[in-house]
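Using the sequences plus the hints, can you model the full thing?
Just so you know, the sequences run in chain order A and B.
One point on numbering: in our numbering, the residue at position 213 of the first sequence is 251, and numbering is uninterrupted.
One point on numbering: in our numbering, the residue at position 412 of the second sequence is 687, and numbering is uninterrupted.
There's no promise every hint is true.
Pairwise CB distance ranges, derived in the manner of DEER restraints [said to hold, decoys possible]:
1) A/Gly332 with B/Phe320: 34 to 44 Å
2) A/Asp107 with B/Asp291: 32 to 42 Å
3) B/Ser627 with A/Asp415: 46 to 56 Å
4) A/Gly332 with B/Asp597: 32 to 42 Å
5) B/Asn467 with A/Asp107: 26 to 36 Å
6) B/Gly468 with A/Asp251: 46 to 56 Å
7) B/Asn382 with A/Ala468: 49 to 59 Å
8) B/Asp597 with A/Ala75: 39 to 49 Å
Some residues of chain A that are not near chain B, with every Cβ distance over 12 Å (derived) [claimed, not checked]:
9) Gly89
10) Pro123
11) Ala133
12) Pro139
13) Cys151
14) Arg232
15) His400
16) Arg409
17) Val427
18) Asp445
Honestly, the hints are just simulated from the structure, not real lab data.
Cβ coordinates follow ideal geometry from the N, Cα and C atoms, glycine included.
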Amino acid sequence: MADLTSNFVGIKSTNPFWLASAPPTDKEYNVRRAFEAGWGGVVWKTLGEEGPPVVNVNGPRYGAIWGADRRLLGLNNIELITDRPLEVNLREMKAVKRDYPDRALIASIMVPCVEEAWKAILPLVEETGADGIELNCGCPHGMSERGMGAAVGQNPDLIEQITRWCKQYTRMPVIVKLTPNITDVRKPAQAAKRGGADAVSLINTINSITSVDLDDFAPEPTIDGKGTHGGYCGPAVKPIALNMVAEIARDPMTADLPISGIGGVTTWRDAAEFLTLGAGNVQVCTAAMTYGFGIIKEMTAGLSLWMDKKGFTSVDQITGRAVPNVTDWQYLNLNYVTKAVIDQDKCISCGRCYAACEDTSHQAILMKEGRVFEVDDSECVACNLCVNVCPVEECITMKRVAPGSLDERTGNVVPAEKGDWTQHPNNPMASAAE
Amino acid sequence: MTNSPQTDGVVAARLDDATLAAHFDDLYPDLDAHEARVAADRCYFCHDAPCITACPTDIDIPLFIRQIQAGQPDAAARTILSQNILGSMCARVCPTETLCEGSCVRNDAEGNPVEIGRLQRYATDGLLAANEHPFTRAPATGKSVAVVGAGPAGLSAAHRLAMLGHAVTMYDTRPKPGGLNEYGIAAYKAANGIAQAEVDWLLQIGGIAVETGKALGGDLTLDGLKGQFDAVFLGVGLQGVNALRVPGEDLPSVRDAVDFIEELRQTEDKSTLAIGRHVVVIGGGMTAVDAAVQSRLLGAEHVSIVYRRDRGAMSASDYELDHAATEGVTILTNAMPVEVSAAGVTFAYTRSGAAGLEKTGETFTLPADQVFKAIGQTLKGQPEALALEGGKIAIDAQGRTSVAGVWAGGDCATGGEDLTVTAVAQGRDAALDIHAALGA
Ligand SMILES: Cc1cc2nc3c(=O)[nH]c(=O)nc-3n(C[C@H](O)[C@H](O)[C@H](O)COP(=O)(O)OP(=O)(O)OC[C@H]3O[C@@H](n4cnc5c(N)ncnc54)[C@H](O)[C@@H]3O)c2cc1C
Ligand SMILES: Cc1cc2nc3c(=O)[nH]c(=O)nc-3n(C[C@H](O)[C@H](O)[C@H](O)COP(=O)(O)O)c2cc1C
Ligand code: SF4
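Below you can see the structure in the form of structure tokens.
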């Protein structure tokens, strides 16, 4: 059986699934129950400075996007950091850590961008026995208006600065949590590294308005007739998060920087995908908020089974396995030619591939007598749209045209050797292919 | 409750009131909003969708289902009703398993079609419940049309004609409009007064005068109508019934199934309806099934449908026959009646031979205190001038009869399938042709 224990920047946990800093990790009561359910670690709900805590809105703080059968696909929130006093959180963290020494307990922190503030809070956190800290440079609403959260995360210099302070004032590992609300995620990651961060975690939530009330003409969630942008998370954000994780993992400047992958992790498979793209572990929020803590059993059992099937014995054997295969467009092999093939036995004759290709692609699907749909190889550009819209799994597949045979669309023989844009005759910058 | 299913003879109140009420309530309840969204999400929005082709009224099914998905069942209802003004009743009575749902690609995918009928009902019932009539009349054309028969064909024609701006007078011999929707369809398919509610809603278009208690062949003549109106549409259905032609047919225990059903539909308090302990229904169509099932629902202990050919030749669909079987009806095939007596019905076994159906020589007798004849309805009392074809009024693709200025559609005319939905389609199409012919 695969060993799921995880060692992330020296922080040990029974499995690589941590609960992300959010309502599930807001207090001792929740965290104890999460650990009982089997979660490997938690990043405690973000702590603020000593003194009167922040307040939350008292109207609705979540909005959502649903798929078929009201499956929750995306969640949006306008919650702030913890609204409980610092001392209470610290006391509870200490009690929990004492009772669950084999689980990871990370303190998420967000205090103003001044050295004194960080210097003041770090010893208090350290005293709880926490395994590490996570700097919340991502909260996209409310806190950012006060110069914290995403306001820091969007400024690489500030990231570098607070990371440096933290490394200076604590011996705990420092994880910098990044915001996706930026143009190039590599820049804040590089800044964190320059500041001495042990790891980055990403993504925090994405600026969003989930919907508009068409009677009140106000964004949702609506509070007394007004709304504000919230942070988007859940299954809908996974593709964005995966890309950002991969960008950092393959950037030579941060390639060795450990990553905690966050964003839409809902099943073991999502976790495995984050790991292969460079994450050392994953954090989960929305899935737990949607289904409760019990989902951890599916995640650990699923990851373990998959690892057994693949012959992996430990989590670090997975981390980064797909990174070498993430490349730039210009290096993709243009001589790799495929064509869509429709399995007539599986086809249910809905005609969606036809509508999609005929109306919006390359008019490469023919509708024949009796609702029989066939691909015209002389038109198919292998875009994959028909595969994506077909409701039957594996009914349409892309088959490679073997090198040496004719591509009916171009009239050319498919070359055996790789050829990419950097060598292509249409590319004015092409280097002559040898 | 004074009697039980085991009480001998033809008696009322075999079941208690609560059981009877449950038996004659809706066969399927309406989908609620969430169920509808889930069911709607299963539609693939097929290209050139086969379900549209399979619907005799050509409803744009993927469009209306998408409108439900998009949160606007009222828009869906408009899509349905613009093609089929009796969309609500059709959603209840159409044999969808052989029409739209039968052609759904999901049958190939997982043997389970999109629930088109129930989705149609969800959309149209919402509009009916809100009592909103979504259509308005075109400016008056000054032309007038007589519609004879207020069944599905007549109602559909009248509505379309009124919408196009013509002044319509609709005649029916019966006291209530609706045709078989009101007098024939099984009670559990048309529960809670839906037939009259739908007619009332339909008439909100305006421009349709309804005159009940007036019969063509009685107060009205075809020539009289032709003289008084610019066009005439006939949707008189089938008013005759075939005879068994066996000894004992005239015994008091023998009754036409359509009469029985009509009485049942018009009786509010089902506990007053008398039904036999042993009921035998002779026939193989929808009427036989409905008579048999409703006999069981009234509390008859043993009910059998006996059909002279094999099961494949029965015009009732598999779905209907399965429903009958589930309700405890016994279905016997390859047996024809040879005699009815006070004790029961004697049948001869049959087989198909060189000269068609022949008796094997063996017989059996089923005990019966009540016998229903459901061996087909026929055209009756139609105006002499009209040419017939196969026992029905001959019409062309536009619904024109052999007499100029007279159109026909529904069960009384050729080209349909003796279904509510084909009657609606023919009524609508004839109205469009009348409109074109009137040149208004
Ligand atoms: C018991 C039974 C169950 C059925 N179940 C189903 C079902 O589940 N699904 C389905 O799709 N179809 C079913 N049908 C068939 C369906 O009811 C008919 O196909 C449909 O009603 C035909 O409509 P129509 O307008 O042509 O005729 P009808 O509905 O018969 O209407 C004809 C109207 O004309 C009136 N009329 C007749 N003669 C005259 C006259 N001389 N002057 C004035 N008015 C006249 C009648 O009173 C009646 O109102 C069933 C039929 C029966 C008998
Ligand atoms: C209601 C809510 C509150 C959150 N609060 C915090 C927070 O206090 N600190 C933080 O670092 N992230 C916070 N997050 C972000 C989550 O930790 C996580 O990064 C994000 O939701 C993406 O993961 P997911 O798709 O698994 O939910 C919050 C998210 C939600 C939904
Ligand atoms: S791969 Fe693209 S171009 Fe080829 S048949 Fe499918 S949709 Fe058309």
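Exercise. Checking the smallest CB distance to chain B, is glycine 89 of chain A really beyond 12 Å?
Worked result: 46 Å, holds
Problem set entry | Interface exclusion of cysteine 151 of chain A relative to chain B, criterion Cβ beyond 12 Å | 45 Å, holds
Problem set entry | Beyond 12 Å from every chain B Cβ - status for proline 123 of chain A | 42 Å, holds
Exercise. For the pair glycine 332 of chain A and phenylalanine 320 of chain B, does the Cβ-Cβ distance stay inside 34 to 44 Å?
Worked result: 36 Å, holds
Problem set entry | Least C-beta distance between aspartate 445 of chain A and chain B, which was stated to exceed 12 Å | Holds, since 27 Å exceeds 12 Å.
Exercise. Does 46 to 56 Å hold as the CB distance between glycine 468 of chain B and aspartate 251 of chain A, or does it fail?
Worked result: Taking Cβ atoms as reference, glycine 468 of chain B and aspartate 251 of chain A lie about 37 Å apart, which means the hint is violated.
For this session: Go ahead and decide if the range 46 to 56 Å is satisfied by the Cβ distance of serine 627 of chain B to aspartate 415 of chain A.
Result: Given range 46 to 56 Å: holds, Cβ gap about 52 Å.
Problem set entry | Claimed clearance of chain B by alanine 133 of chain A, with the beta carbon kept past 12 Å | 43 Å, holds
For this session: Check the non-interface label on arginine 409 of chain A: least C-beta distance to chain B beyond 12 Å or not.
Result: 7 Å, violated
Problem set entry | aspartate 597 of chain B and glycine 332 of chain A - C-beta distance against the hinted 32 to 42 Å | Check passed, 41 Å falls within 32 to 42 Å.
For this session: Find the nearest Cβ of chain B to the Cβ of histidine 400 of chain A and say whether that gap is larger than 12 Å.
Result: The claim holds: histidine 400 of chain A sits with its nearest Cβ about 16 Å from chain B, beyond 12 Å.
Exercise. Are all beta-carbon distances from proline 139 of chain A to chain B longer than 12 Å?
Worked result: Non-interface label stands for proline 139 of chain A: nearest chain B Cβ at 46 Å, farther than 12 Å.
In this structure, the hints that do not hold are numbers 6, 16, 17, in rising order.
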